[in-house]
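Student: With these hints in hand, go ahead and build the complete structure from the sequences.
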Amino acid sequence: MGQPYDPRGNLVRPYAVTRGRTEPRRDIPIEAVLTASQAAVQEARFAGHDKYRIAVLCEPRAQSLAEIAAYSRLPLGVARVLVADMVADGMLELHSAAPKEGFTERMDLLERVLSGLRKL
Amino acid sequence: MDFASSERAGAQPKEITSAKIVVAGGFGVGKTTLVGAVSEIEPLTTEAVMTSAGQGIDDASKVPGKETTTVAMDFGRITMADDLILYLFGTPGQTRFWFMWDELIRGAVGAAVLVDTRRISDAFAPLDYFENRHLPYLVALNCFDGAPRYEPEEIREALAIAPHVPLIMCDARQRDSVKQVLVGVVEHAMRTLVAEQERGFPTPVG
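Protein sequences appear in the order of chains A and B. Note that full-length UniProt numbering numbers the first sequence so that position 42 is 42, with each residue one more than the last. Note that full-length UniProt numbering numbers the second sequence so that position 188 is 188, with each residue one more than the last.
Careful, some of the hints might be misleading.
The calculated lysine-lysine pairs, modelled on DSS-like cross-linking and capped at a C-alpha distance of 27 Å, are [said to hold, decoys possible]:
#1 Lys179(B) / Lys119(A)
#2 Lys14(B) / Lys119(A)
#3 Lys179(B) / Lys100(A)
If you want the footprint, here are the derived chain B segments under chain A, 3+ residues with CB under 8 Å [unchecked claim]:
#4 78 to 85
#5 160 to 172
If you're looking for bench data, these hints aren't it; they were derived computationally from the structure. Just so we're clear, the structure is a prediction, and the values are computed from it rather than from any experiment. Where a beta carbon is used, it is the ideal one built from N, C-alpha and C, also for glycine.
Tutor: So this is what it looks like as structure tokens:
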């Protein structure tokens, strides 16, 4: 749809749904979660079957990249390319993974995770 | 048509943080069982497609004739609050997929290396891997029924586990036991973070 035909799509079967692109527009951690607004789901109706299904999945409940790949039965790399496109196009909102830097930020997260585990 | 991307459904909080803990160990050691014991969803499987040439090649079209291999990772989810989700990822069992471990541990809170006391030598490779990474980890001995019971210190010596690495016994099928393993991982991560703060230089994650 609007993208030039990429013959690699025929060679790399798992990547056919991304028209052969294997590099996502941005790196998305496997555990980063994504959400879709109802308006975004409507927009995704016109973005193809895979993207629509992903938007529908992320509307009622935040889903990680790993969950999107598993529920969509897409290889992780393929899901990452599609999700990165959808983030760039405003169809999905990307939320933050755990902070990698900053003592206070990291410690706050660890404390929240610890208290969450203790409540299980 | 005007679809503002800032338009939110309203039901979901503005910013959701997700964290992950990695569960490592040899093939068949009980990683998926452990994940399933605490996960709110049935453990899911995500698959990464690799060429047989493996590491460093992410475009199979550039290596015609190479076969693709599927690496499977099982994972679970614990929604802790409407703005905090913890994911548990099991590493692929086969050690030749170590390059996938690098992606899995990036940004992780910490890891648990699960050890089957009946097949201790299976733990050497996973332990070697974590010894050379800057990620807090502990060793959890999965005590299967009828498995030989050793004193924890015997295991520590047999596996040459460093003194600063916590070693705990667990039953991967039992929710409370798994909970203690995960609490242990997070507490160890906190101690590690405090220690590096006191030393005055941070250890990069992953």
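Student: Compare the distance between the alpha carbons of Lys179(B) and Lys119(A) with 27 Å, and conclude whether the hinted pair is satisfied.
Tutor: holds (10 Å)
Student: At least three residues with a C-beta closer than 8 Å to a C-beta of chain A: is that true for the stretch 78 to 85 of chain B?
Tutor: holds (count 5)
Student: Do three or more residues of the stretch 160 to 172 of chain B come closer than 8 Å to chain A, measuring C-beta to C-beta?
Tutor: violated (count 0)
Student: Is the straight-line distance between the alpha-carbon of Lys179(B) and that of Lys100(A) 27 Å or less?
Tutor: Between Lys179(B) and Lys100(A) the Cα gap is close to 24 Å, so the pair holds against 27 Å.
Student: Given the hint that Lys14(B) pairs with Lys119(A), does the C-alpha gap stay at or below 27 Å?
Tutor: The given pair, whose Cα atoms are some 24 Å apart, holds under the 27 Å limit.
Consistency with the previously given hints fails for number 5 only.
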